[in-house]
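Here the structure of chain A is known, so what remains is to put chain B in place on it, guided by the hints.
There are 2 protein chains.
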Amino acid sequence: MSVEPMSIEGGHLIAGESVSGEGTLFGQNPDSGDWLDPHFAEATSADIDLAVDAAQKVHQSRAAGEADDRARLLEAAAARIDEIGAAITERGVKETGLPEGRFEAERGRTCNQMRLFASVLRDGIFREPIIETALPDRAPVPRPDLRRRMRALGPVAVFGASNFPLAFGIAGGDTASAWAAGCPVIAKGHPAHPGVCELIGRALQEAVRDSGLPDGMFSLLQGESHSVGQQLVMHPGIAAVAFTGSRSGGMSLWKMATEREVPVPVFAEMGSLNPVFVLPDAMAKRCDQIATAIAASVRLGVGQFCTCPGLVVTVSDANSAEFRGLLSEALCSDPAGTMLNQGIHGGYAKMLEKLESRDGVQLVRRGPVTEGFCDARAALFSVAGSRFIADPELQAEVFGPSTLLVECSNTDEMVEVAGCLEGQLTATVQATADELQQLPGLLDLLEDCAGRMLFTGMPTGGEVGEAMHHGGPWPATTDSRWTSVGSGAIARFIRPVCWQDFPDALLPAELRSDADGSRRLDGCWQDSGFR
Amino acid sequence: MSVEPMSIEGGHLIAGESVSGEGTLFGQNPDSGDWLDPHFAEATSADIDLAVDAAQKVHQSRAAGEADDRARLLEAAAARIDEIGAAITERGVKETGLPEGRFEAERGRTCNQMRLFASVLRDGIFREPIIETALPDRAPVPRPDLRRRMRALGPVAVFGASNFPLAFGIAGGDTASAWAAGCPVIAKGHPAHPGVCELIGRALQEAVRDSGLPDGMFSLLQGESHSVGQQLVMHPGIAAVAFTGSRSGGMSLWKMATEREVPVPVFAEMGSLNPVFVLPDAMAKRCDQIATAIAASVRLGVGQFCTCPGLVVTVSDANSAEFRGLLSEALCSDPAGTMLNQGIHGGYAKMLEKLESRDGVQLVRRGPVTEGFCDARAALFSVAGSRFIADPELQAEVFGPSTLLVECSNTDEMVEVAGCLEGQLTATVQATADELQQLPGLLDLLEDCAGRMLFTGMPTGGEVGEAMHHGGPWPATTDSRWTSVGSGAIARFIRPVCWQDFPDALLPAELRSDADGSRRLDGCWQDSGFR
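Heads up: the protein sequence lines correspond to chains A and B, in order. Just so we're aligned, residue 1 is where the first sequence starts under my numbering, counting upward by one. Just so we're aligned, residue 1001 is where the second sequence starts under my numbering, counting upward by one.
For reference, chain A alone in the conformation it holds in the complex (with noise of 0.2 Å):
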């Protein structure tokens, strides 16, 4: 075992401690399988008990602080990862098999998302006061005061992904935007990357600190078995669940939820397909560039993003074997590189035997085979559109670098593979703007099953602004009316609360009738004050 930074103790981090504990879990180098020291604390009851009741202490007596206050915290932790930046890359490479510069990549989108999100809420946008004054005048009957606030819905369990330690970790998009909501966060560490996790956790800990802000902001539980998860799920104080990672984790976490005393909004986003449809017209004039960008797409993070294409749909034509052939060359003649753990390289190993398997489904290349004890295997898959459209488990996501290309007999075939897919996060056209006003079926097809669609550019690295849009139709997540990632995701932890007739001294300081601040009042947007 190599020796680890004395800075992780493989304990947890609640409400401002570093609590201790017993467990069994490491992490494990995917290049070498070595394993890694310190092992992890399995969080107990008990611990979960200590993080959530803190946590809702916070909550119920006001504490998490004004906007303004949240502003400060999320500064105040991209902040402080900023400042370990060095110490989680050492780390994060040995635990996740990625390379240096993604770390430091990743981190600078986790630190921009959190300052992005700090400057959402000094904007005071998702959270604008709603007014209506009395009318007492009003006949048949008067109309009373009614001034609409947004409360923040009480604690968040956070799971982070494997894939994306940092912008989909416990620093990410989720306790980002539960934190801006004005929720304390109760964080999951990933049992694959459980050092980054402390590490992280600890500057999450110290920026509550720096803000002034109470220490059940936030916690952060180690664990490698489903029970710790099942326990915070369950727990009566948790008031919603994010979660990023497979369809069976997120799934099982959704149910659980459904199954509660008092049943809690659970958004997970469970990855998908990301299908590439490229039309003729493209393929004609741009059939090399559109291959190399679909295999670089696919490769990306050795094909472990959830907006990997997993699909591409063609139309067989004069173009289509050299397309097949500049792809499959494209995708598989370097080696892939490591995958991101044991488990998802058995995984990927397992899905692509089945796939393989279905009927009417060729392999069409595989990767080169490496030494790497994680190391992935490119792949390309073909089959025919009649065939996809017939067996429904050929839309099973393979997570790693492989794809599916399904070749249809025309057009028509094309549209109706369109019309079978289920929910997904994204769907992209290569194509020209004239010969999809020729097929104008296709693009509403795919808004209808997908949460962002492309025009000639490749889903993964999606933007982090208020125009996106991270969230398809199940089972992409679990409801397609919410985005995990840019400031909209803020929206999934607040309600509406309306207080009618409160004299001014009674009310939230963002409803009272001398209120800094951006709100709408009788029907109009203002900027200030009204009275």
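Honestly, the hints are just simulated from the structure, not real lab data. All C-beta atoms, glycine included, are put in the ideal place defined by N, C-alpha and C. Any given hint could turn out to be false.
As the list claims (entries may be wrong) - Chain A is faced by these chain B residues, among others (derived, beta-carbon under 8 Å): (1) 1148; (2) 1262; (3) 1286; (4) 1436; (5) 1454; (6) 1466; (7) 1488; (8) 1505.
Stated by the list, open to error - Non-contacting residues of chain A with respect to chain B, defined by C-beta distances greater than 12 Å in every case (computed): (9) 25; (10) 49; (11) 69; (12) 87; (13) 93; (14) 202; (15) 334; (16) 362.
Stated by the list, open to error - Chain A regions said to be covered by chain B (calculated; three or more residues, Cβ under 8 Å): (17) 127-138; (18) 444-454; (19) 473-487.
Leaving out everything else, chain B in the frame of chain A:
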């Protein structure tokens, strides 16, 4: 049997057609017990398929119109309902026992609601596009062009309430908001007022025709067995469900929807206790007025409002005996009126019996016995604060003109009562501002259990506006983040879709660069086209 107007035929209304069928359902006059002609059909699976398929076709082919078309639809619906107001009132009085004046007033509210939603559509609120234009030179990566619009979820199944045949019925807020969102509606007729449903259904069917939208925008399916509702909710073509009614009904539809292959959102509004907290100073100053106001609110609509105050919390002091006397006098002196139907009448009797049997609960007074078939007797019960805190069964809603007086030994115990309440649609405080400021914990607890809070008013009679929130924490509703009253209700039935890098010609109209209407552009609000 009495003879009914010719216009009620007893069939379903499916996508513009009248469809007859077999069935044994009759309306019943709750005053006399008489059955009312004609008998009504029970929807078959074929009827359900027909209705949902037509709705899905409208949705998928983008035929539900632009915002303006749907604004015209809503206005046409209001006009058509007003046109047959007399017939609705005539049949309604017979089927529900509600007085004529109530039907007239409720029709006003229903049609105003339709017109409000039309104006919201014209203003563009809730559907404003968010656009972030491309930044091709941004480092380290360029920003793509991102445009987010709201897309209708798809066909919505609407289950109206028995207690508001118009305002929360098949032409109520759920249908109005689903239509405003651009969703076709399949309404399930309420078996307690099938004749009213048919009349309104015909008006809605005409309105669809008037506005030039496709017939599939609306269907009405009649039936008395649970199986019609079940099949509708389980139909793969249904994208969302809206329900107003009992907890058992709402829970059962919600549960079913979670078991679908593709689960869909169910917004169920299931009523609540709507506690009224009467604080000592207010009681000392306005003892008589408060008692009278509570009694009137409990008796309104024979206690059959989802916002009926079923719980009154006081502190035992020098005035509380007088308050109790005044309340029992105002509540129980006069006959309470006819309940909506046999089922509700029987349920009320059963719940009173159950309540009276609980440890520590005392019957203070019952109202007079009268002769009508479904006549209700008002009831006042009392219980000590400590018993209420110890017995969660006392939080079961009694649907009818009854309230439970919880007498606390001091304000601390009153706060403790607030802390153990389940989710509520509303919570009311009768207090002076001064005494509430001495007791800040009370408002915090009430805000965390309720969707709307009132100061000195009464919870019955919710305003339909944009600041209204009618959606309390579970079990008052299935999701506290949405409202079923007011213009916010539209948001339940839309989902964001992000269009990335599409040329103008391929974008939906509202996302094009030269589109009219307000939108958010690169972080600023804007009123019209920007190029």
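Verification of the hints:
1. Evaluation of the residue 1148/B hint against chain A yields a held restraint, the C-beta minimum of about 4 Å falling below 8 Å.
2. Taking 8 Å as the C-beta contact cut-off toward chain A, the hint placing residue 1262/B at the interface holds, the least distance being around 5 Å.
3. The closest approach between the C-beta of residue 1286/B and any C-beta of chain A is roughly 15 Å, which is over the 8 Å cut-off, so the hint fails.
4. For the restraint placing residue 1436/B at the interface with chain A, the shortest Cβ-Cβ distance is roughly 6 Å, inside the 8 Å limit, so the hint holds.
5. A least Cβ separation of about 4 Å between residue 1454/B and chain A falls short of the 8 Å threshold, and the interface hint therefore holds.
6. Interface restraint check for residue 1466/B: the shortest CB-CB distance to chain A comes to about 5 Å, inside 8 Å, so the restraint holds.
7. Hint on residue 1488/B holds. Least Cβ distance to chain A is approximately 7 Å, under the 8 Å limit.
8. Annotation: residue 1505/B was flagged as interfacial toward chain A, and the flag holds, the nearest CB pair being 6 Å apart, inside 8 Å.
9. Consistency note on residue 25/A: stated as away from chain B, and its beta-carbon is indeed over 12 Å from all of that chain's, at 32 Å minimum.
10. For residue 49/A, the shortest C-beta to C-beta distance to chain B comes to about 18 Å, beyond the 12 Å cut-off, and the non-interface label holds.
11. For residue 69/A, the shortest C-beta to C-beta distance to chain B comes to about 18 Å, beyond the 12 Å cut-off, and the non-interface label holds.
12. The beta carbon of residue 87/A is kept farther than 12 Å from every beta carbon of chain B, the shortest such distance being approximately 23 Å.
13. Every CB of chain B is more than 12 Å from the CB of residue 93/A (nearest about 20 Å), matching its label as outside the interface.
14. In this structure residue 202/A is separated from chain B by more than 12 Å, as the shortest Cβ-Cβ distance comes to about 27 Å.
15. Separation of residue 334/A from chain B is adequate, the least Cβ-Cβ distance of about 23 Å exceeding the 12 Å criterion.
16. With a cut of 12 Å on Cβ distances, residue 362/A stays outside the contact zone with chain B, its closest approach being about 29 Å.
17. Here's how the region 127-138 of chain A fares: 3 of its residues keep a CB closer than 8 Å to some CB of chain B, so the rule of at least three is met and the hint holds.
18. Only residues whose C-beta sits within less than 8 Å of a C-beta in chain B count toward coverage, and the region 444-454 of chain A has 9 of them, enough to reach three; the restraint holds.
19. Only residues whose C-beta sits within less than 8 Å of a C-beta in chain B count toward coverage, and the region 473-487 of chain A has 8 of them, enough to reach three; the restraint holds.
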